[in-house]
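Trainee: Chains as they are written, first to last, in numbering that gives the first Met the number 0: chain A, 0 to 479; chain B, 0 to 133.
These are calculated hints, taken from the structure and not from any lab test. Glycine included, every Cβ here is placed at the ideal spot set by N, Cα and C. Hints are supplied without guarantee of correctness; some may be wrong.
Said to hold, decoys possible - Coverage of chain B stretches by chain A, computed from C-beta distances (three or more under 8 Å per stretch; other residues unrestricted): (1) 48-62; (2) 69-75; (3) 109-118.
As the list claims (entries may be wrong) - Covered stretches of chain A (chain B as the covering partner; in silico rule of three or more C-beta atoms under 8 Å from a C-beta of chain B): (4) 142-152; (5) 193-206.
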Amino acid sequence: MSLAERLEQIGEYRWRIPRDQRLGMRTDVVVYASKEILAHIAKDKSLEQAANVATLPGIVGSSLAMPDIHQGYGFPIGGVAATDCEHGVVSPGGVGFDINCGVRLVRLNLGRAEVQPRVRDLVEAIFHAVPCGTGGKGHIDINSKQLEQVLVEGARWMTRNGYGLERDAECAEAGGALPGADPEAVSERAKERGRPQIGTLGSGNHFLEIQYVQQVADKEAATAFGISEGQIVVLIHSGSRGLGHQVCTDYLQQMGAAMKKYNIAVPDRQLACVPVQSPEGKSYLAGMRAAANFAWANRQGITHFLRQAIVKVFGKGVQASVIYDVCHNIAKQESHLVEGRSRDVLVHRKGATRAFPAGHREVPQAYRNIGQPVFIPGSMGTASWVLAGQPGAMEETFGTTCHGAGRLLSRTAAQKGRDYRSVLRGLEEAGIHVRSETKAGILEEIPEAYKDVDAVVEVVHCAGIARKVARLVPIGVIKG
Amino acid sequence: MEEPFEILEHTADVGFRVRGGSVAELFENAARALASFTLEDGGGAAVRVVELRGEDYESLLVNWLSEVLYLLDTGQFKPRQFQVESIRPDHLRARLTGGAGPAQWRLIVKAVTYHQIEVKEKSGRWEATVYLDV
Numbered sequence: 000m001s002l003a004e005r006l007e008q009i010g011e012y013r014w015r016i017p018r019d020q021r022l023g024m025r026t027d028v029v030v031y032a033s034k035e036i037l038a039h040i041a042k043d044k045s046l047e048q049a050a051n052v053a054t055l056p057g058i059v060g061s062s063l064a065m066p067d068i069h070q071g072y073g074f075p076i077g078g079v080a081a082t083d084c085e086h087g088v089v090s091p092g093g094v095g096f097d098i099n100c101g102v103r104l105v106r107l108n109l110g111r112a113e114v115q116p117r118v119r120d121l122v123e124a125i126f127h128a129v130p131c132g133t134g135g136k137g138h139i140d141i142n143s144k145q146l147e148q149v150l151v152e153g154a155r156w157m158t159r160n161g162y163g164l165e166r167d168a169e170c171a172e173a174g175g176a177l178p179g180a181d182p183e184a185v186s187e188r189a190k191e192r193g194r195p196q197i198g199t200l201g202s203g204n205h206f207l208e209i210q211y212v213q214q215v216a217d218k219e220a221a222t223a224f225g226i227s228e229g230q231i232v233v234l235i236h237s238g239s240r241g242l243g244h245q246v247c248t249d250y251l252q253q254m255g256a257a258m259k260k261y262n263i264a265v266p267d268r269q270l271a272c273v274p275v276q277s278p279e280g281k282s283y284l285a286g287m288r289a290a291a292n293f294a295w296a297n298r299q300g301i302t303h304f305l306r307q308a309i310v311k312v313f314g315k316g317v318q319a320s321v322i323y324d325v326c327h328n329i330a331k332q333e334s335h336l337v338e339g340r341s342r343d344v345l346v347h348r349k350g351a352t353r354a355f356p357a358g359h360r361e362v363p364q365a366y367r368n369i370g371q372p373v374f375i376p377g378s379m380g381t382a383s384w385v386l387a388g389q390p391g392a393m394e395e396t397f398g399t400t401c402h403g404a405g406r407l408l409s410r411t412a413a414q415k416g417r418d419y420r421s422v423l424r425g426l427e428e429a430g431i432h433v434r435s436e437t438k439a440g441i442l443e444e445i446p447e448a449y450k451d452v453d454a455v456v457e458v459v460h461c462a463g464i465a466r467k468v469a470r471l472v473p474i475g476v477i478k479g
Numbered sequence: 000m001e002e003p004f005e006i007l008e009h010t011a012d013v014g015f016r017v018r019g020g021s022v023a024e025l026f027e028n029a030a031r032a033l034a035s036f037t038l039e040d041g042g043g044a045a046v047r048v049v050e051l052r053g054e055d056y057e058s059l060l061v062n063w064l065s066e067v068l069y070l071l072d073t074g075q076f077k078p079r080q081f082q083v084e085s086i087r088p089d090h091l092r093a094r095l096t097g098g099a100g101p102a103q104w105r106l107i108v109k110a111v112t113y114h115q116i117e118v119k120e121k122s123g124r125w126e127a128t129v130y131l132d133v
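Excised from the complex, chain A in its bound form (with noise of 0.2 Å):
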């Protein structure tokens, strides 16, 4: 019987696989899904990895699957753990390659009036003033010294430096830098890959995207996050480009050495962890934070470069402010009630958002009374939603929510018998100016490839774990 067959229904949004259903499994897996989205999870191996997931010593409460889980590797892609922070574990594979990935929301005071005539000329400015693509080698130069001080200060560096202002910072998660960073943590390597990439896009399913607010569902959360109907926002989402990758790669070639030291063994390589507190434990999280701040920094060095593109097309009288800037790809240190008590933990967040609820000393004051805002992606050319963190997630996710659409189709098949000409043209047609450095990055990300993003919102909203603020749709996209 497979995984999929042993799912029991706790809820209407909820379904178990309890613990007992597999060899290994220290705890339960619950999947955040509705019946339909539940059907194409079952057809990829997430949920056997999420049982995978609960097989790590020290996890605390269950191995959560969020409605836009799909297959990664090691951990599945939606997939939230917590470790406790004493006698767990931390594992790179449940925070990824790329560390702080994430999504950023500016909203400009303009509308879609004014900048649908003039799409065409925006993206095209966005396109040279942001590099984008393979490789890409970017306009910000910065010494060894610099780097490390990016490594350390994350996008308040880069605001201090004439990048941006001060107020972005200050509109990001963790203020847009973790603290317990350590430039030492992060290879010269790492340094080497990470130094001429600040302020770039990257590729893959990397993409800045200008969008119009098309629905408000709550006005009052919409009112505080700046935003309403008809008024154009940007959305960055991009991550730490090579220096994160290379700061995975080289704790994961250490890790397998560290598991025998500790006795650790796990189902899938790509899952090696070793315990929190343990040197490979403190060294690798004091890299991830020096990635993850390196990744704030990225995406308010992509802010500045947009904020220039806008000043070409539509002159200095336009503002482009910050809403906020979340990461889900990551592993934090979080008090979360478990059980009646409260509990030191370190949440794994792969492809998954912190949704912390109003009252949250963690949520920006002015957004204090809302809960903490939410950007979720769909796929190029369909919608994507702010969210607001609710009560719901601190109860039953550790302040965590979905991510994305999540992939339905891997993209080798998203390319199989499909134009690159047409693709453009339907989304021509549908309003959608696309530019792409390659015609591979066009094809991979087609709406298709993905879930419907409106049906992974449904199933966070229904649950209480974030609800729904606005729906934005996007005329312009910007890919790598």
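Position chain B relative to chain A; hints supplied.
Mentor: What follows is chain B alone, placed relative to chain A:
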């Protein structure tokens, strides 16, 4: 001639299966596969010798491909030809030939993963499976 590698389906990433008549040839073909996914053809006659360690053939293969990826990504020396001079499960020595010239990228590979990594020998033929994070 049949390519010594084939692409495998994976929801999020790219995988490939590679073959060789010996373990050295297997590693050479795996590096060629990675280079061909990431860059358009290029030349160069510069030579670099690399030595790597691993715990077994699987981790050695991940370390070897991660080394090639690092070189491709940093761009000072983009290897095109791969000659494995000596190999055992915990050690590899190889001669790489390539150049620094500008090369057109096809695909950014973020990293080489341990996901479902496998190196096996059957009747004197070697085969490996590797997934890349892209």
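Trainee: Any hints from earlier that this structure breaks? Give me their numbers in increasing order, please.
Mentor: Number 4 only.
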